[in-house]
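> So you can see what is in the structure, the chains are spelled out below.
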Amino acid sequence: MESFNNPTENRPDNNLVWAILCTVMCCMPLGIVAIIKSTKVNELWALGDHEGARKAAADTKKYSIWGAVITFVFVILYFIFIAIIGIGASVFD
Amino acid sequence: MYLTKILKITFILLFLGGLFFVYRYFNPVEHSFFVPCPFNYATGYHCPGCGSQRAIHQLLHFNILDALRMNPLLVLSLPILFVGVGNQVWNYIFETQYRIKLFYNNYFIYGYFIVVILYWALRNVPYYPLNLLAPAN
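Chains as they are written, first to last, in numbering that gives the first Met the number 0: chain A, 0 to 92; chain B, 0 to 136.
Just chain B, same shape as in the assembly (with noise of 0.2 angstroms):
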């Protein structure tokens, strides 16, 4: 059993420095193999996380005023979902079973939600201030 747990926590930390290195290294507007939103293709609007492999190649720099104005929605968040996968980790690693209470509580869930769709409707407005939600060009 503690094989198989290192073979995994490897494996996911191989992929975890695959994706640091290349947001690292590689600028999203600069090099073209990046995937690109399937909906920003589609119909040319801004979904609620487009602009977050630029966002992130900015962060992995440092930049967070540049990474904010890809896509604040994430930098925010981000902080939240390093709390929710590093709890996740500790009880996968120690066996625990440590709950964030801010994760059962229904009133967040759905406010993050209803952030999250005001945010794409806002962020498509091309107008000052609202076209700062969009990614930067």
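So here's chain A without its partners, still in its complex pose (with noise of 0.2 angstroms):
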């Protein structure tokens, strides 16, 4: 397949994919910071600098997960204030 490269090259994965699902799905700034993370992979690998670009995949990752994280707490809390809301107002009818 040519769109994909040769399994065996050690490059470290961008977690692109991650990335924009944050930015889409869950919290938009962090997804934007883990974007502009994932492009430093493919600079810093293409300057030699593998020890920079591991770093960065790391990084967007990490960004991904905490956009994820506040995204599912943010829900929660939604849950909890509408069920307090429905129960307050069931009770003061």
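Hints listed in this document are in silico derivations from the structure and should not be mistaken for laboratory results.
Among these hints, one or two may not hold up.
Said to hold, decoys possible - With the C-beta cut set under 7 angstroms, the calculated list includes, among others, these residues of chain A facing chain B:
| hint | residue |
| --- | --- |
| 1 | Leu-15 |
| 2 | Val-16 |
| 3 | Val-23 |
| 4 | Thr-38 |
| 5 | Asn-41 |
| 6 | Val-74 |
| 7 | Tyr-77 |
Unchecked claim - With a Cα cut of at most 20 angstroms, we get these calculated EDC-like pairs of lysine to aspartate or glutamate:
| hint | chain 1 | residue 1 | chain 2 | residue 2 |
| --- | --- | --- | --- | --- |
| 8 | A | Lys-60 | A | Asp-48 |
| 9 | A | Lys-61 | A | Glu-42 |
| 10 | A | Lys-60 | B | Glu-94 |
| 11 | B | Lys-100 | A | Glu-42 |
| 12 | A | Lys-61 | A | Glu-50 |
| 13 | A | Lys-54 | A | Glu-42 |
From a predicted model like this one, the values you see are computed outputs, not experimental measurements.
For each residue, glycine too, the CB sits at the ideal point set by N, CA and C.
Taking the hints as your guide, dock the two standalone chains into a single complex.
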């Protein structure tokens, strides 16, 4: 397949998919930071800074996960909030 | 190691199954328990993701045109996301290191980024035909 690389090449995964998913479904600001970080993976790898590329890849993953965690907490808080409003409305109706 | 992998995959499948159930059988237009977009809630403007939940509901009923009317950018991005996530899952399960070359092309990344920002601005213009980009009422 032309659009996939040789799997033996050891370039770090730039985790762009997770950064985009985080931007689309979760926390936009952190997702954007993650996308910028994932472009650094390519640049640093091309420059030969393999350590930096691996660190940028790890950062991309970290920011994506934090975006997902923040969104998850936000959704849980939202459900608690509407549950309290619902109970309050039925008690004081 | 195999056990944790199987547990993780099971957990993800259950989570996805739950999401499928909610978005297939509940229309976000008719039920109020869906989480609204915080940006839209705060400002009244549409963000690039607004209409995604309604679009996914329509897609799960194979109404592609209705989905496009809710959030065209999301519908057009989903194939790329499916290939990307599928590749990640494949690499995880079979311990391979396939990379999608498109994702290592910074022109693609910045291009997509610019498209999203333009889309954000244009879908808030309340005149035809730009208002087709906003979620349909």
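> With a cut-off of 7 angstroms, does the beta carbon of Tyr-77/A approach a beta carbon of chain B closely enough for the hint to hold?
holds, 5 angstroms
> Does the interface hint hold: is Val-23/A within less than 7 angstroms of chain B, judged Cβ to Cβ?
Holds, because the Cβ-Cβ distance from Val-23/A to chain B comes to roughly 6 angstroms (cut-off 7 angstroms).
> Holds or violated: is the Cβ of Leu-15/A closer than 7 angstroms to a Cβ in chain B?
Where the cut-off is 7 angstroms and the nearest Cβ of chain B is about 4 angstroms from Leu-15/A, the hint holds.
> Given Thr-38/A as an interface hint, is the shortest Cβ-Cβ distance to chain B below 7 angstroms?
Since chain B brings a Cβ to about 5 angstroms from Thr-38/A, closer than 7 angstroms, the hint holds.
> Please work out if Lys-60/A and Glu-94/B have their alpha carbons no farther apart than 20 angstroms.
holds, 18 angstroms
> Sort out whether Glu-42/A lies within 20 angstroms of Lys-61/A, counting only the CA atoms.
Given that 20 angstroms is the threshold and the Cα spacing comes to 19 angstroms, the pair holds.
> Against chain B, with CB atoms and a cut of 7 angstroms, does the hint on Asn-41/A hold up?
With a minimum Cβ separation of about 5 angstroms from chain B (threshold 7 angstroms), the hint on Asn-41/A holds.
> Keeping to a limit of 20 angstroms between CA atoms, is the pair of Lys-100/B and Glu-42/A held or broken?
holds, 14 angstroms
> With 7 angstroms as the cut and Cβ atoms as the points, is Val-74/A at the interface with chain B?
OK, holds: Val-74/A within 7 angstroms of chain B, min 5 angstroms.
> Take a quick look at whether Lys-54/A and Glu-42/A sit within 20 angstroms of each other, Cα to Cα.
holds, 12 angstroms
> When you check the alpha-carbon spacing of Lys-60/A and Asp-48/A, does it fall within 20 angstroms?
holds, 19 angstroms
> Holds or violated: the hint that Val-16/A contacts chain B, with Cβ atoms closer than 7 angstroms.
Because about 4 angstroms separates Val-16/A from the closest Cβ in chain B, which is inside the 7 angstroms limit, the hint holds.
The structure is consistent with each of the numbered hints, conforming to all of them.
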